[in-house]
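Peer 1: If you number the sequence shown the way my numbering does, the last residue is 154 and the count never jumps.
Rather than coming from a laboratory, the hints here were simulated on the basis of the structure.
Beta carbons: idealized from backbone N, C-alpha and C, even for Gly.
Hints may contain errors.
[To be verified] BS3-like, lysine-lysine: derived pairs with alpha carbons at most 30 Å apart: (1) 59 x 34; (2) 111 x 125; (3) 62 x 34; (4) 96 x 111; (5) 67 x 34; (6) 22 x 34; (7) 22 x 62; (8) 59 x 22.
[To be verified] Label-pair restraints from in silico Cβ distances: (9) 101 x 48: 50 to 60 Å; (10) 96 x 59: 50 to 60 Å; (11) 74 x 44: 16 to 26 Å; (12) 55 x 88: 34 to 44 Å.
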Amino acid sequence: MSSVNSSSVSRARVAKQRGIPTRCNCGKAVSCFTSTTVENPGRLFHSCPLGSKQDKTHLFKWTDNSVVEEIEDFQDLFDVLLVDNSEFQKSMGADESMMKCHDSKIEEMEDAIAQCEEKTTECIRELRIIKALFLCCLVVVFMYLIFV
Numbered sequence: 007m008s009s010v011n012s013s014s015v016s017r018a019r020v021a022k023q024r025g026i027p028t029r030c031n032c033g034k035a036v037s038c039f040t041s042t043t044v045e046n047p048g049r050l051f052h053s054c055p056l057g058s059k060q061d062k063t064h065l066f067k068w069t070d071n072s073v074v075e076e077i078e079d080f081q082d083l084f085d086v087l088l089v090d091n092s093e094f095q096k097s098m099g100a101d102e103s104m105m106k107c108h109d110s111k112i113e114e115m116e117d118a119i120a121q122c123e124e125k126t127t128e129c130i131r132e133l134r135i136i137k138a139l140f141l142c143c144l145v146v147v148f149m150y151l152i153f154v
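Generate the whole structure from the sequences, applying the supplied hints.
Peer 2: As structure tokens, this is what we get:
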């Protein structure tokens with residue numbers, strides 16, 4: 007029983023790595039091997055080259071478990087991206103509606119400017135007519151003063 011406890015304590019000292027491991031806690035690069043045991047024939051695993059069945063402080067991890075963890079992590083990231091994308095789409099929709107609102111306001115302002123330009127042109131025409139009438143009146147008054 008003490009060997010089981012020391013084994014579990016040794017395993018507990020090995021830091022848990024999610025996904026496919028690249029390095030052992032000792033710093034060595036991890037390699038991929040194929041199991042030749044009767045219990046797991048042909049099963050892939052990652053292991054530290056310094057590890058052994060007796061020394062449980064070095065990394066040993068079944069590749070299929072590592073791949074499942076990788077997929078779970080990618081699924082979590084994918085879920086976050088889906089939420090972010092959904093929020094982005096909502097934001098884009100709000101931005102597009104704001105742009106339509108601004109476009110309609112710009113069109114209204116352009117129409118108002120065009121109306122102001124028309125009124126200005128009309129006012130200039132009326133001022134020219136008033137100026138001509140004033141000059142005519144002035145000429146008539148001077149002629150009246152001269153001939154009277």
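Peer 1: Hint by hint, note whether the structure agrees.
Peer 2: Right, here's what the structure says about each hint:
About 17 Å separates the Cα atoms of residue 59 and residue 34, which keeps this hinted pair within 30 Å; it holds. Among the hinted pairs, residue 111 with residue 125 is consistent with the structure: their alpha-carbon atoms are about 21 Å apart, no more than 30 Å. The suggested pairing of residue 62 with residue 34 holds, with an alpha-carbon distance near 15 Å, which does not exceed 30 Å. Straight-line distance between C-alpha atoms of residue 96 and residue 111 comes to about 23 Å, which keeps the hinted pair within the 30 Å bound.
Our distance criterion of 30 Å between C-alpha atoms is met by residue 67 and residue 34, whose separation comes to about 15 Å. Using a Cα cut-off of 30 Å, the hinted pair residue 22 and residue 34 holds, with the two alpha carbons roughly 16 Å apart. Simply put, residue 22 and residue 62 have alpha-carbon atoms about 13 Å apart, close enough for the 30 Å limit, and the pair holds. Annotation: proposed proximity of residue 59 to residue 22 holds, straight-line Cα distance about 18 Å (limit 30 Å).
Taking 50 to 60 Å as the suggested C-beta distance range, the pair residue 101 and residue 48 conforms, at roughly 55 Å. Look at residue 96 against residue 59: about 55 Å separates their beta carbons, and that is inside 50 to 60 Å. As the Cβ distance of residue 74 to residue 44 is approximately 24 Å, the hint placing it in 16 to 26 Å holds. In this structure the supplied range 34 to 44 Å holds for residue 55 paired with residue 88, their Cβ-Cβ distance being about 40 Å.
Of the numbered hints stated above, none is contradicted by the structure.
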